[in-house]
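J.: As a plain string of letters, each chain reads:
Protein chains: 2
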Amino acid sequence: MSNKPSILIVGAGAIGSFYGAILKKAGCSVSTVLRSEYDAVKANGIRITSPLGDLSYRPDNVYRDGDTPTETPDYLILCVKVLPGVDRAALVKPWMGANTRLVLIENGLDIERELAEAYPANPLISCLAFIAASRTAPGEVEHKAYGKLVMGRFPEGIDDDCRTLADLFIEGGISIDLTEQVVGERWRKCVWNTPFNPLSVLANGADTLTILDTEGGEALIRELMKETMATAAADGHPLDEQLIEQNIDGTRKMPAYKNSMALDYLNGRDIELDAVLGNVVAIARHHGVPVPHLTTVLTTLRMREKLKAKA
Amino acid sequence: MSNKPSILIVGAGAIGSFYGAILKKAGCSVSTVLRSEYDAVKANGIRITSPLGDLSYRPDNVYRDGDTPTETPDYLILCVKVLPGVDRAALVKPWMGANTRLVLIENGLDIERELAEAYPANPLISCLAFIAASRTAPGEVEHKAYGKLVMGRFPEGIDDDCRTLADLFIEGGISIDLTEQVVGERWRKCVWNTPFNPLSVLANGADTLTILDTEGGEALIRELMKETMATAAADGHPLDEQLIEQNIDGTRKMPAYKNSMALDYLNGRDIELDAVLGNVVAIARHHGVPVPHLTTVLTTLRMREKLKAKA
Numbered sequence: 449m450s451n452k453p454s455i456l457i458v459g460a461g462a463i464g465s466f467y468g469a470i471l472k473k474a475g476c477s478v479s480t481v482l483r484s485e486y487d488a489v490k491a492n493g494i495r496i497t498s499p500l501g502d503l504s505y506r507p508d509n510v511y512r513d514g515d516t517p518t519e520t521p522d523y524l525i526l527c528v529k530v531l532p533g534v535d536r537a538a539l540v541k542p543w544m545g546a547n548t549r550l551v552l553i554e555n556g557l558d559i560e561r562e563l564a565e566a567y568p569a570n571p572l573i574s575c576l577a578f579i580a581a582s583r584t585a586p587g588e589v590e591h592k593a594y595g596k597l598v599m600g601r602f603p604e605g606i607d608d609d610c611r612t613l614a615d616l617f618i619e620g621g622i623s624i625d626l627t628e629q630v631v632g633e634r635w636r637k638c639v640w641n642t643p644f645n646p647l648s649v650l651a652n653g654a655d656t657l658t659i660l661d662t663e664g665g666e667a668l669i670r671e672l673m674k675e676t677m678a679t680a681a682a683d684g685h686p687l688d689e690q691l692i693e694q695n696i697d698g699t700r701k702m703p704a705y706k707n708s709m710a711l712d713y714l715n716g717r718d719i720e721l722d723a724v725l726g727n728v729v730a731i732a733r734h735h736g737v738p739v740p741h742l743t744t745v746l747t748t749l750r751m752r753e754k755l756k757a758k759a
Numbered sequence: 449m450s451n452k453p454s455i456l457i458v459g460a461g462a463i464g465s466f467y468g469a470i471l472k473k474a475g476c477s478v479s480t481v482l483r484s485e486y487d488a489v490k491a492n493g494i495r496i497t498s499p500l501g502d503l504s505y506r507p508d509n510v511y512r513d514g515d516t517p518t519e520t521p522d523y524l525i526l527c528v529k530v531l532p533g534v535d536r537a538a539l540v541k542p543w544m545g546a547n548t549r550l551v552l553i554e555n556g557l558d559i560e561r562e563l564a565e566a567y568p569a570n571p572l573i574s575c576l577a578f579i580a581a582s583r584t585a586p587g588e589v590e591h592k593a594y595g596k597l598v599m600g601r602f603p604e605g606i607d608d609d610c611r612t613l614a615d616l617f618i619e620g621g622i623s624i625d626l627t628e629q630v631v632g633e634r635w636r637k638c639v640w641n642t643p644f645n646p647l648s649v650l651a652n653g654a655d656t657l658t659i660l661d662t663e664g665g666e667a668l669i670r671e672l673m674k675e676t677m678a679t680a681a682a683d684g685h686p687l688d689e690q691l692i693e694q695n696i697d698g699t700r701k702m703p704a705y706k707n708s709m710a711l712d713y714l715n716g717r718d719i720e721l722d723a724v725l726g727n728v729v730a731i732a733r734h735h736g737v738p739v740p741h742l743t744t745v746l747t748t749l750r751m752r753e754k755l756k757a758k759a
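Note that the protein sequences, when read in sequence, are chains A and B. Take our numbering: the last position of the first sequence gets the number 759, and nothing is skipped along the way. Take our numbering: the last position of the second sequence gets the number 759, and nothing is skipped along the way.
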């Protein structure tokens, strides 16, 4: 038996499956809680192709959402999409022990609070994933590139729980940036995601260069970035102004591509609108920061969702 | 032979066909210049069902776009959509005589200038149509309701050419509001159209009440209306602030409906984006009026058009 920590992955889509595989490689016991993928994973395990080699594995236990646990994990890693209809605190509840550290590998801003409030006694570790991976079939994942995690305690700091987990990920083969200010890092990532992701959806799945090369497109992206940064600053996370130039230059240097929210939209899946944009606008309002461009994008996407819900 | 003025309708879609029928009823000679509808109209005339009765008629002459005219009309009524790819000045050129009055029955703002500049010696009459009508097949139109025209000389004033034409329309059975300030009337109509029409397209064809009842939707409409009115005021056409309340109250009292731009979009037709929104934003920029909400809607719709053009 391993004396390494036990891991439970809740929500084993592409992200959860991949980071579970890394910890499995590091020698941890890794179990999963699944809903729609249960039968496939129970039968065949998780298949992962990757530039790192074959990362396929059989979870130590495959649970079905709703099962009654016989034990609770040292680290519970939550990797579900952040959507209004998903009660994440309820989802993890059966599996949260007194000593369970709760780890989020999820997108967006201000996504920790509801879990911090639900489990005030459990350490909460917040991670941002920089990865290109997609689920290709039930239990099957294609890892294309990258994999780095930016990790820190929520709301701030780095502690031994973070370090232990970071070391395991590094042992499994990926790189980790530990940060004292994970919320600031979320804001930094939002400077790109908050403008580009929802706008690409609103523009019917436009890629990065179509967005930038439209008449007024780059100017609009800059305004959306400015509003995001002004909100970050009002929220206590001032960011360097040249981040705008860096983001735009960096995007122009890459080939045109569709971001994950655009792909979700084009494939008829729900989009993480609140996590990526709605929460930013709510924080802006709270601080009295004017965000007219962000508000227009948000409200128009809400109109679409209302229309879709009626259909 | 009639001693009433001769009329030539250029662009006989639903609008042109209907107003041609009214002038035909008033006893004018009414001819048409057509492109795609030529064969149908040449063979069967124009069929119009209407609450006013059967308005079907055979134009006195049916010309094809590109024909060489043998005579020029007293009034040339232009009713084509205002689109970037349509050179309206070139379209009417063969038919413009020294004494031809040019009449626009078209949507939007700042749509007169290119024609005023191309034909400085011809009187230019600008009209706004308040009508519900649609083309149902080549040469076939369903007039559903309304029909009033607001009419004036461009850029301002009312003259005998207006009065003569107004009297003919009234004789034909519709009502006319003559206005000294037709540009101001265009701005007034834009207070509704400029927010609602493009936003409904951006929201994938949302109807009026879906737009207003979305979280933040009415607030967004109000911001778009405020920006439109601030631009109108800077352009010399101040409007009464209570127009916003009137427009929103009036829209809430009507059943939910999809405006004509939303229908154009849903049916895969080009939308009059510049006439209804792009020109407003251009005028705002010219006067230094901040219009962040309008700009976001405009630029995102331009991204869509760019994406569509690439497809």
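Since the hints were derived computationally from the structure, they do not count as laboratory data. Any given hint could be a false lead.
One copy or two, it doesn't matter: identical chains are merged, so the pair holds either way.
Taking lysine-lysine pairs in the BS3-like style, the calculated list, with each CA pair at most 27 Å apart, reads [claimed, not checked]:
1. 754 with 529
2. 706 with 473
3. 473 with 701
4. 701 with 758
5. 706 with 756
6. 490 with 637
7. 490 with 701
8. 596 with 637
9. 754 with 706
10. 754 with 490
11. 490 with 756
12. 592 with 541
13. 701 with 754
J.: Could you run down the list of hints and mark each one as holding or not?
T.: Verification of the supplied hints:
{"no.": "1", "hint": "754 with 529", "verdict": "within (20 Å within a copy, 31 Å between copies)"}
{"no.": "2", "hint": "706 with 473", "verdict": "neither (31 Å within a copy, 56 Å between copies)"}
{"no.": "3", "hint": "473 with 701", "verdict": "neither (34 Å within a copy, 64 Å between copies)"}
{"no.": "4", "hint": "701 with 758", "verdict": "between (41 Å within a copy, 21 Å between copies)"}
{"no.": "5", "hint": "706 with 756", "verdict": "both (22 Å within a copy, 15 Å between copies)"}
{"no.": "6", "hint": "490 with 637", "verdict": "neither (35 Å within a copy, 63 Å between copies)"}
{"no.": "7", "hint": "490 with 701", "verdict": "neither (43 Å within a copy, 56 Å between copies)"}
{"no.": "8", "hint": "596 with 637", "verdict": "within (13 Å within a copy, 54 Å between copies)"}
{"no.": "9", "hint": "754 with 706", "verdict": "both (24 Å within a copy, 15 Å between copies)"}
{"no.": "10", "hint": "754 with 490", "verdict": "neither (37 Å within a copy, 46 Å between copies)"}
{"no.": "11", "hint": "490 with 756", "verdict": "neither (34 Å within a copy, 44 Å between copies)"}
{"no.": "12", "hint": "592 with 541", "verdict": "neither (33 Å within a copy, 59 Å between copies)"}
{"no.": "13", "hint": "701 with 754", "verdict": "between (36 Å within a copy, 20 Å between copies)"}
Of the numbered hints given earlier, the model fails hints 2, 3, 6, 7, 10, 11 and 12; all others are met.
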